[in-house]
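Listed in order, the protein sequences are those of chains D and V.
Its first residue numbered 10, the first sequence is counted upward by one per residue in the numbering used here.
Its first residue numbered 6, the second sequence is counted upward by one per residue in the numbering used here.
Relax, there's no trap hidden among the hints.
Listed next, the in silico DSBU-like pairs over lysine-lysine satisfying Cα-Cα at most 35 Å (straight line):
1) D:72 - V:269
2) D:57 - V:152
3) D:16 - D:272
4) D:141 - V:239
5) V:112 - D:19
6) V:296 - D:272
7) V:112 - D:57
8) V:265 - D:140
9) V:152 - D:243
10) D:243 - V:269
11) V:152 - D:19
12) V:82 - D:243
13) V:239 - D:140
14) D:65 - V:152
15) D:272 - V:239
16) D:141 - V:269
17) V:112 - D:16
18) D:243 - V:265
19) D:140 - V:269
Pair ranges (Cβ atoms, derived):
20) V:269 - D:96: 34 to 42 Å
21) D:61 - V:155: 26 to 34 Å
22) D:142 - V:97: 44 to 52 Å
23) V:170 - D:246: 24 to 32 Å
24) D:53 - V:30: 52 to 60 Å
25) D:141 - V:163: 38 to 46 Å
26) D:181 - V:289: 44 to 52 Å
27) D:21 - V:296: 38 to 46 Å
28) V:200 - D:27: 26 to 34 Å
29) D:146 - V:69: 27 to 35 Å
30) V:112 - D:96: 35 to 43 Å
31) V:38 - D:18: 54 to 62 Å
32) D:63 - V:69: 53 to 61 Å
Simulated from the structure, these hints should not be mistaken for lab results.
This structure is a prediction, so every number in the text was calculated from the model and none was measured.
Quick reminder that beta carbons are idealized off the backbone N, C-alpha and C, glycines included.
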Amino acid sequence: MGFTTGKIKKIIFVVVTVIVFSIILFPPIFLFLTSIKTELDALSFPPKWIFIPTVKNYVQIFKTSSFLRYIVNSLIVASTNTFVSLALGSLAAYGLARYKFRGSENLSFWILSIRMMPPVAAIIPIYIIMKKLRILDTPWCLVMIYLTFNLPFIVWMMKGFFEDVPREIEESALIDGCSEFDVFLKIALPLVAPGLAATAILVFIFSWNEFLFALILTGTRATTLPVGIILYMKETGINWGYMTAGGILALIPVVIFTMLVQKHLVKGLTLGALK
Amino acid sequence: MGRRKSFQSFKRKYAWVFFIAPAVVVLLGIVIFPLIFSLTLSLHEWNIIRAGGWTWSGLENYATILFLDPYFRTALKVTFLYLLGTVPLQFALGLMVALILYRITRKIIGFLRTSLVFPSIMTPIVVGIIWRLMYNPDMGMLNYFLKLLHLPPLNWTGSPLTALPSVMMADIWEWTPFMALILLAGLQALPQEPFEAALVDGASQAQVLRYITLPLLSPVMIVAILIRLMDSFKTFDLIFVLTEGGPGMSTEILNYYTYKYGFKFFHMGYASALSWLLVVIVTVIAMILIKTIRSRGIYAAGG
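The following block holds chain V by itself, in its conformation from the complex:
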């Protein structure tokens, strides 16, 4: 009996292993193993379509990327331009929209919230198609609007000067509502007492915004910005449909450059090294994000 009991308590103590093991094993197999595989590959030279196996090259791929590859530098520059041109704008516009919607108490708010959801949950490829249609130089809506304003038509995604801003504009359309939605949820979960107190003290609207709303909302703002920042590095679908990285390299962010090296040029070793640089960048942001989530429970109104 005593033995049975100790077996029972042993079973109880380690029951978690049974629950967690399948998922952890699967993740090790499909994520960690491939990542180690690609780390190894990144230390080799290997072109998948040419005959011949892997050739050990040590850190050569990384050295080439960091010190010799001028295209990498261009891709890096495009990536940062892309981030700078989208995330801050999405945040500012999203905050504005959230502050407006926060005041709407009528029934229409349900409809408005639903509309906010769609751009970010829509099939990204379809978002790309929508904007390809809008930007079409011959029949597109945007050139029609320009015509109405008596402005000359633009070759939106087709010219090196306007291609990047065009992709950014589509990105801003896709993700600003997401920012607004999160910030609105954050606003709705704020405690009411500080606002009531400010009202009693006769604070102006601008003061309330500056000294109460924004500071209280800051954890949600940080999370929203970090998520967007991290996901922006991974933008692929939109660029694929709108420009395929071109014209030239004008819209080729690091993510797309890596894809091209792997699946257009088939330099798997070099592409693996590039992808590991991306992993490092994204991991740093992910760590900051996780630390933020861990340090404090961040609340937002879901319903």
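Chain D extracted, bound-state conformation:
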């Protein structure tokens, strides 16, 4: 008797798991399927499950729209921002992890709290200031403004990684006469390299995904990918082929990168609240 109830339990368990993961995985799969359908197949109801796949949308989106430029813009913004915020952020993280001074802990938490601010609060003054400075619609205004959320993120993540490294090696190097900066650059930084790489990847993804700032601060020239995709949604109707193909292309780097940083994701997504 116990054997059968155990078995029933196990079956329920498997069924629930399958249902849950079908719900999670189905919508993106449907996005992909729509992206490889012809317009006629995509618009048919009930949805077609058997159809001749086509890459037409993927070819057309590059040929007839500025999609390539959106990608280039996104790459410029995301990689430059990642580089700048890593440089500033890991320095600060090292300072906070290694030197205990009055208020150092408060300073760390102040930096963390900046990461939590609603972007809509920053966007109004930033827009006005950048308009005055005439740097709207350039990649550089996005590079700068993405520091508001990426810099605190890096400080907080890297601080944790530096704290995990025993400080004896650095101390002996200091006694040998290395300067503080050399110790940071040549000893501490290489020791946290895996953490640095994971943080860099997450920061890249955050910039790549960002929409609100890009929507408001760019016009026609510096349009990034998320804003570019939205442009296929017009009053006159939605170009589903472009929207879905563009969406899939936007997801590719995210998916690849996510696979690489699995280990640090829980820490990253909770801003280091969970170690």
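We have chain D; now place chain V onto it with these hints.
Same frame as chain D, now just chain V:
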């Protein structure tokens, strides 16, 4: 020599300034200065597209928002409905999924964990596109499912009655896996001794869950809920793609209302005041979250 030495120790003592200063200066410049700017602006009346400069209006914007603006009240109501309809459900479903996955020891767990990650790390705009596609009244998947169940089709995001629940459903899809992932990581980091002891004492599964698992997991639960609560106030991308706040104001949460005042109506002073109310709300939650993190180290299994 002695002088050199004291210089050395001075240098050592204040080396942190050199490390920290660049980041702090940048943050002051791009976050604190703009926030002060917007606080000042919120005390003025200024329409950016009309000619004329700032007109001092004191606390008038705030007074109007709090006591006179009926749309603000609607936005506030929508915000709370949105929070109530998403965060608790995400938590309950996430906990359920985490408890199920916790028991899976086979190799497939790696794949399942990876799938959990995607909705929350995907480009939010693309999540919006996915759901716009699913909700499409003419060709969408959901109306197809309704048809299979012999139910009448719905105009999901297009009707005032179903628009908000539709956006919520997409939000739940996007963030429940995040909850599950965090709670699973928390479960995996729990100490084993209490469970072993309970097993020896012959506790039932339900008792173990009620008296051991959930209490031990509570710090992680609090952090997960607070993070979601805080981020829900900032929901923008999903609403932008799915409904643009409509129809009417049915999906216009406070965040979106603020955006609209600033960048559709160009009332920068009023929008700044609205955004400061949002800052106050989010700061309160952030403070509670930071206090929770500070008071105890909260551990979760990362790998």
